[in-house]
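Make the full structure from the sequences, and use the hints.
Residue numbers (my numbering): 45 to 143.
Hints may be right or wrong, so weigh each one.
What the hints assert, rightly or not - Label-pair distances were calculated between CB atoms; the ranges are:
#1 Arg109 with Ile81: 23 to 31 Å
#2 His67 with Val102: 15 to 23 Å
#3 Gly115 with Glu138: 32 to 40 Å
#4 His67 with Gln89: 17 to 25 Å
#5 Gly115 with Pro47: 30 to 38 Å
#6 Val110 with Ala63: 27 to 35 Å
#7 Thr61 with Arg109: 28 to 36 Å
#8 Arg118 with Lys59: 19 to 27 Å
#9 Tyr136 with Gly111: 35 to 43 Å
#10 Gly111 with Gln89: 25 to 33 Å
#11 Thr46 with Ser132: 36 to 44 Å
The hints are simulated quantities; they were obtained by calculation from the structure and are not laboratory data. Quick caveat, the model's predicted, so the values are computed rather than measured. Even glycine gets a Cβ: it sits at the ideal position worked out from N, Cα and C.
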Amino acid sequence: MTPQQIIVRPVVTEKSTEAQGRHNHYVFEVAKAANKIEIRKAVEQVFGVRVRDVRTMVVRGDLRRVGKFTGKQRSWKKAIVTVHPGDSIDLYGEQADKG
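In C-alpha cells form, the structure reads like this:
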C-alpha cells in the first residue's frame, strides 16, 4: 500500500484538536489492513515528521434508524500518532500562507 492509501483522512474534532496542542497527538482515519509500522512510515513520509508512538483502534459502526428501516454505519480504524517535541503537522494549510 502507498502512504496515500494508508492515511485516509485526518480526524478533526474538539478532542483531537486539544490533543494536538497539549500532547502533540494527531488523529487519522487509516486503512483497516494497515499496521502500526506501516502507519508510522506513512506519516513520516507524507508529513516529514519524526513519529514517537502510534496507537490504533477499530471504531465500530453505529446502528442508525430511519423510520422503520435500520442500518449500520461502516467500521473504521483510527490511529493516534504522537510526534517528537518540536515537530508538527500542518493539517489546515496555515504554514503555506505565512511563507
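Hint check:
Against the hinted window of 23 to 31 Å, the Cβ-Cβ separation of Arg109 and Ile81 comes to about 39 Å, which falls outside the hint. Between His67 and Val102 the beta carbon distance is about 22 Å. The supplied range of 15 to 23 Å therefore holds. Between Gly115 and Glu138 the CB atoms are about 38 Å apart, so this pair conforms to the stated range of 32 to 40 Å. Between His67 and Gln89 the Cβ separation comes to about 23 Å, which falls inside the hinted range of 17 to 25 Å.
Restraint check, Gly115 to Pro47: a C-beta distance of roughly 32 Å satisfies the suggested window 30 to 38 Å. Between Val110 and Ala63 the CB atoms are about 33 Å apart, so this pair conforms to the stated range of 27 to 35 Å. Evaluation of the 28 to 36 Å hint for Thr61 and Arg109 yields a pass: the beta carbon distance comes to about 30 Å. Between Arg118 and Lys59 the beta carbon distance is about 21 Å. The supplied range of 19 to 27 Å therefore holds.
A C-beta distance of roughly 38 Å is found between Tyr136 and Gly111, which places it inside the suggested range of 35 to 43 Å. Separated by about 46 Å at the C-beta atoms, Gly111 and Gln89 break the suggested range of 25 to 33 Å. Separated by about 24 Å at the C-beta atoms, Thr46 and Ser132 break the suggested range of 36 to 44 Å.
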